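A.B. asks: Chains A and B supply the protein sequences, listed in that same order. Each residue of the first sequence is one higher than the one before, counting from 1 in the numbering used here. Each residue of the second sequence is one higher than the one before, counting from 1001 in the numbering used here.
Source of the hints: derived by calculation from the structure; they are not laboratory data. All figures in this text were calculated on a predicted structure; none of them were measured in a lab. Treat the hints loosely; a few may be bogus.
Straight-line C-alpha distance at most 20 angstroms; calculated DMTMM-like pairs for lysine to aspartate or glutamate [stated by the list, open to error]: (1) K1122(B) x E1061(B); (2) K1563(B) x E1497(B); (3) K39(A) x E1497(B); (4) K1452(B) x D226(A); (5) K1449(B) x D262(A); (6) K39(A) x E1130(B).
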Amino acid sequence: MYDTTYYRASSVSDATSKLAGTEDGMFLAGGQTLIPTMKQRLAAPSDLVDVSGIDALKNISVDGEVVTIGAACTHAQVAGSSEVAQAIPALASLAGGIGDPAVRARGTIGGSIANNDPAADYPAACLGLGATIVTDTREIPADEFFVGMFETALDEGEMVTAVKFPKPTKAGYAKFPNPASRYAMVGVMAAQTGNGVRVAVTGAGNDGVFRHNALEEALGANWSADATQGVATDADDMLSDIHGSAEYRAHLVSVMAGRAVDNS
Amino acid sequence: MTDQGIGARVLRKEDKRFITGKGKYTDDIVQPNQAYAAFVRSPHAHANVKSIDASAAEAMEGVEAVLNGHQLTGDGIGNIICGWGITSKDGSPMNMGAWSALATDKVRYVGDAVAVVIADSKAQAQAAAEAVMVEYEVLPATSNVLASMKEGAPQIHENAPGNLIFDWEIGNKDETDAALASAHHTTTMDITNNRLSPNPMEPRSAVATFDESEDHYTLYTTSQNPHVARLVLSAFYNVAPEHKLRVIAPDVGGGFGAKIYIYPEEIVCLWASMKTNRSVKWTSTRSEAFLTDAHGRDHVSTATMGFDADNNIVGFKVNTKANLGAYMSLFSSSVPTYLYATLLSGQYNIANVYCDVQTYYTNTVPVDAYRGAGRPEAAYLIERMIETAARELGVDPGELRRQNFVREFPHQTPVIMAYDSGDFAGNLDQAKAAADVAGFPARKEEAAKRGKLRGLGYSNYIEACGIAPSAAVGSLGAGVGLWESAEVRVNPVGTIEILTGSHSHGQGHETTFAQLVSERFDLPTDNIQIVHGDTDKVQFGMGTYGSRSGAVGMSAISKALDKVEAKVKKIAAHVLEASEDDIVIEGGEVKVKGTDKAMGWHEVGLSAYTAHNLPEGMEPGLKEGAFYDPTNFTFPAGCYICEVEVDPQTGVTEIVQFTASDDFGTIINPMIVEGQVHGGIAQGIGQAMMEHAVYDDDGQLLSGSYMDYCMPRADDVPNYTVSHHSTTCPGNPLGMKGCGEAGAIGSPPAVINAITDAIGNNNLSMPATPSRVWAALQQVSAAQAAE
Ligand SMILES: Cc1cc2nc3c(=O)[nH]c(=O)nc-3n(C[C@H](O)[C@H](O)[C@H](O)COP(=O)(O)OP(=O)(O)OC[C@H]3O[C@@H](n4cnc5c(N)ncnc54)[C@H](O)[C@@H]3O)c2cc1C
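With these hints in hand, go ahead and build the complete structure from the sequences.
C.D. replies: Shown next, in the form of structure tokens:
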């Protein structure tokens, strides 16, 4: 690890102003991605501004039809929240399936979506449920937030403060874990929302999380696992690596979509 | 009477310190004035080194020195060698390419070290290593044997044309060809054995100290065989003469073969300590471990097995191409030859067996022994062949095996080995009963109702342990003898120290070896201390690998105990005025049989050391040593039955039942043996379904972290049903065969045979990942659609 300067922020404004004053600083949340990357000397932030101690970012609230999760809420907190379990059980179960207990105890929703790993689970939840990402300066619809692999619509120094999930009529998540990393090799969030059926796929696409129009149409017409059978996914758009071919991932997308519906 | 002798489930003495985090590993050693080494490694698989500019690094804070390969060879440090010479078919010796601990003009795999930085702190050393400027001229690379053997492939070592290291053969070729030509049925398969990373929990580490005032070196290192390390460091690498070099392997957190060899880093730490006059420490990062620990397996084979009209095997012919990586590691040449092809007769009576093996250089890390070392490759080949043949012949795979079992011992195979004992049908019957094979069809039907494909596979493995008779291995090319030594010291108070040349790095020797003594002298294991792993304390020894510490290491202890016992009886007979033949040792006493005359065990010790009243002419003291050279290999064998369910939608395989029946000969501690089997099977399941060390065509390692290298986790493996059906090994005093590798040797074919049974397609390679199983299922549906 390269030398770095650590600062524990007390509020959102403290964090953003502190970061603005650094040469090449980064926010630090759960550190479950950033710290290993630094240990491998693949990242060298001059400063770390730790947002995980900001109380205002650690709340979960349900307000009518919207579940708001503070950016510094850990996966364990979301998985164990009775409010989330009641309002959007698919979201609680998704959080409970991330990594292992140690990772879930530290990793945060804000860090996960800011990082936008193409195999992460939360991006599928945000996109599939039609969430809104709240930052220190604005609100960004999920459809515009996830730009590509490890890329988001966040500006330099912009900080995620919360994610707002509208309560779906029904939603289910199914994850096929990568055998080695146990991140998603194919993860599908399927939801009946106020704006129709939404299906988001993570892990499989060669440009990160994406919405699957053909599955949305099929499930819009018939919300059943059967409806997903035979819905084709173009293998050209899929990742291919030592864990699975593009064809295999394309095949798994409809299988997992079916299981997501079964889980809903 | 103690209940801690042979056959007792004594809890492991060493676990107190391991479980409480008090183990002392090499990285825990801190020497005064210690500096840290960081290696500058090649990012290219194959390149000429044009220049190294260390000026910026040398100027950095805390940097003591930046050293390179020219300085190393200039100081007379010798090249790293392979210690087992193999002769090709045409009589020529193997083509061993030069391997300098720091590359001089050329690098040959990603991770090959070109320079080392020695600095006050680890962070300073790492930072400076990054600042060393190396100019490379990148060359085309090859990463597998098929690429290396191609016409026009990049030439990796000048003295190995076509990258061929040797072309070796064993068995009777003409007879085998004739038998196959006249066979009633033949089965032919292309079979690959996947390349693996060894992954011991503790990464490699070394702390070297040069003491200028004494002209003496001390090396703490993660070694399975510290004496061999000292011998090689001294005799071949010219680091220091043996009497000026102490090698200590303290607690070692797993080896699996990868810690047998002497790697560049240990050599460099010793040399750098002399150059800088400081202690030098290096501990591998996990990333470095993936890049530089010797990998295992990596065979590509074609095999044909022939049967007569009654389904008796008449011939078995195999061609294997083995990848040895960029350099020849210490025992690399023996693994795909004498540790492999000598087992190709399996448990079967086959009159004609022939195998030829070509080994090649590739631009990958060296490949050497890994848990099983050659025997897993042999078992996988034979056991997949016979299972597939049974399917082709339409006969029960268990019964086809049974019909061909060797039943009389000793049995001379056509490939050197002479099996000394076994009851293969007994293991088959025991495993079949425990696995309820009879109930399988009903279970398969029930699974089908749930949409699952259920399959069952056998593996009847045999392997060779207890390496090995020194003269025999010497005649086959080994550069060392493979005996073992022991010293038994009875202290004046009667407690006992056993100094052994075996090395424990997870096997539980501190417990089992003590049990052996407890059995002999009826003493509690608490009174017995096992001393190992330090060349200054222990007489010469050959170390631990190839499941040899029981059959060879304990046999040496047993021989030394014989001598101690004889002397104890002489002393007691003298003191108690009785005949030696009437002396018995039990219950902490040495007694005259049938009388109440006795002396305490400790009193015998005291008598030996006070020497006030010893028999005429007897030397004082109670300490005996022995060297034991085995008379034959030992032959652990067994039957494994695996049952799986495959989800046809995803290709995910679940192992629903795994049954083992092993023949390990005498078992000292069943609990430890079961642990070895459990761990071995988990490793075998890892190889069969998950683990794969993969390089891309340019020689970059794609599986360089646990994000991509899939190790089995607890929830990947089933509960095992482990049982024993043993025959006594006639070749050593304890009747032991060895159990350390059997699980890893026997399990992969059982798993793959079960999966291929479930999916109805024999064309499946390890690791059988969900993606591969699904693709094999697609082949089945495509074939069905075409019909
Ligand atoms: C062993 C292991 C297994 C894992 N398995 C999974 C898995 O199965 N599925 C999965 O989805 N994930 C998995 N993860 C990732 C983990 O879930 C974390 O969510 C993820 O690493 C990022 O969250 P974090 O809070 O740790 O962020 P950090 O690592 O602290 O930061 C990540 C990035 O986000 C930035 N950042 C952090 N907070 C904010 C913010 N509020 N605003 C703007 N930028 C911010 C940081 O600057 C950094 O660039 C795994 C991680 C590990 C170590």
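A.B. asks: Between the alpha carbons of K1563(B) and E1497(B), is the straight-line distance 20 angstroms or under?
C.D. replies: holds, 15 angstroms
A.B. asks: So if I understand the rule, the pair passes when the alpha-carbon distance is 20 angstroms or less; does K39(A) with E1497(B) pass?
C.D. replies: Since the Cα atoms of K39(A) and E1497(B) sit roughly 44 angstroms apart, the hinted pair is violated (cutoff 20 angstroms).
A.B. asks: Does the alpha-carbon distance linking K1122(B) and E1061(B) stay inside the 20 angstroms limit?
C.D. replies: holds, 12 angstroms
A.B. asks: Does the structure keep K1449(B) and D262(A) at a Cα separation of 20 angstroms or less?
C.D. replies: Between K1449(B) and D262(A) the Cα gap is close to 19 angstroms, so the pair holds against 20 angstroms.
A.B. asks: When you check the alpha-carbon spacing of K39(A) and E1130(B), does it fall within 20 angstroms?
C.D. replies: holds, 14 angstroms
A.B. asks: Within a Cα-Cα threshold of 20 angstroms, do K1452(B) and D226(A) meet the stated pairing?
C.D. replies: Holds - the C-alpha atoms of D226(A) and K1452(B) are around 18 angstroms apart, at most 20 angstroms.
Consistency note: the structure conflicts with earlier hint 3 alone.
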